[in-house]
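Here's the letter readout for the chains.
2 protein chains.
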Amino acid sequence: MQHDITSYAKSRHTVKAYNPDKTIPDEHIAKIKELLRYSASSTNAQPWHFVIASTPEGKEKIAKSTDRLYPFNRNSIINASHVVVFCSRLDIEEDYLLRVLEQEERDGRFGGNPEFKVQMHAGRSLFVNLHKHDFKDVQHWMDKQVYLNLGAFLLGVSTLGIDATPMEGIEITELDKQLGLREQGYTGLVVVPIGYHHTEDDYNAKLPKSRLPESDIITHI
Amino acid sequence: MQHDITSYAKSRHTVKAYNPDKTIPDEHIAKIKELLRYSASSTNAQPWHFVIASTPEGKEKIAKSTDRLYPFNRNSIINASHVVVFCSRLDIEEDYLLRVLEQEERDGRFGGNPEFKVQMHAGRSLFVNLHKHDFKDVQHWMDKQVYLNLGAFLLGVSTLGIDATPMEGIEITELDKQLGLREQGYTGLVVVPIGYHHTEDDYNAKLPKSRLPESDIITHI
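Those protein sequences? They're chains A and B, same order as listed.
Just so we're aligned, residue 10 is where the first sequence starts under this note's numbering, counting upward by one.
Just so we're aligned, residue 10 is where the second sequence starts under this note's numbering, counting upward by one.
Bound-form chain A, shown alone:
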């Protein structure tokens, strides 16, 4: 990276037109997958899945979820180099929690101490059950972790010189059907075309960013 992180935060923008002739090189796709995989999540629950479309057929399936209500989003999906679908799990059941726990053990998180493994499972289950049974918002809680991943992703890819267009304007039912997500235990949340903006047509590249003043959003104590 050449610049300070704030310069990326301030210069990145939501692309409105992609150059269909520019493709993200494989070594950057590999880095993008590492960004997705290494994101933080509450209790390391990682309640997510990602579909990465690089083929015209894959992008077309995703674009179908914009046709009825958000037709203005189709072109970005079709013309981008790749499209990343951020998905959430539909359930966070005991089997899955044990799978995460076993992975942590294999990766050396417990240093051979069985007590640490028990504590980790208890801590993660505490938060999952709080959201399942007390707050009854476990789907939203999982979705929030996916948004956390999305935030790191948008800033992260900008440092690689890659543009992005985060979209909530998709019909989830259609997206899930097109990609067969629910059968696999996932549901789509946000679609993010990535690539390189079209120098002439991307009007948003030329507009200044706008944010509320610092005094409105920050309190010091």
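Calculated directly from the structure, the hints in this document are not laboratory data.
A pair holds if it fits inside one copy or across any two, identical chains being indistinguishable in the list.
In silico DSSO-like links for lysine-lysine, alpha-carbon gap of 30 Å or less:
id	residue 1	residue 2
1	141	25
2	145	126
3	42	126
4	42	186
5	141	186
6	42	218
7	25	186
8	73	186
9	186	145
10	215	31
Treat the numbers as computed from the prediction; the structure is a model and nothing was measured.
With chain A fixed as given, assemble chain B onto it according to the hints.
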């Protein structure tokens, strides 16, 4: 930044013990505020507020929200250089939407074209009303934007050499009371102590990261 963004994503970790004698310099606090302010959000709604505690009194108020249920979180709050409380708005009412719109106009987003201003307000209202009236999850939708900001923040501060400890383990009712958040139209979501880890005591700095395998979380189409 000296390294590739993925090296930061892979090396950052949730700090379990801070060095109470190390303070984040002012120029980095200024950058941190820019990261918070310039985060993306759906339709640029920016439905957030941040409380930054740098005084012992401020940190003590925040720590009180851990005492009943999450006492293990107190020390990180007290010993960190600063503590950032990520808050969500409690409502996203017409007056607020117009305030964002006026700011965008002042910042030059509409280039003097009143039609663009009308379109922006209509687009943003479409999404807000979808979540208010159709999905009835507008609080969660706002919270998700705050988590997006949090994701960029965690990755962003790591590139400045600053450690962080994102915490959901806080009692929101107590936190909101201590900081007087609800009277101002906000509610706390996540507390993030930031600073520099204690070289000897931060056991998590020495443990390897663990993540599910790429083949589990990514599908290519």
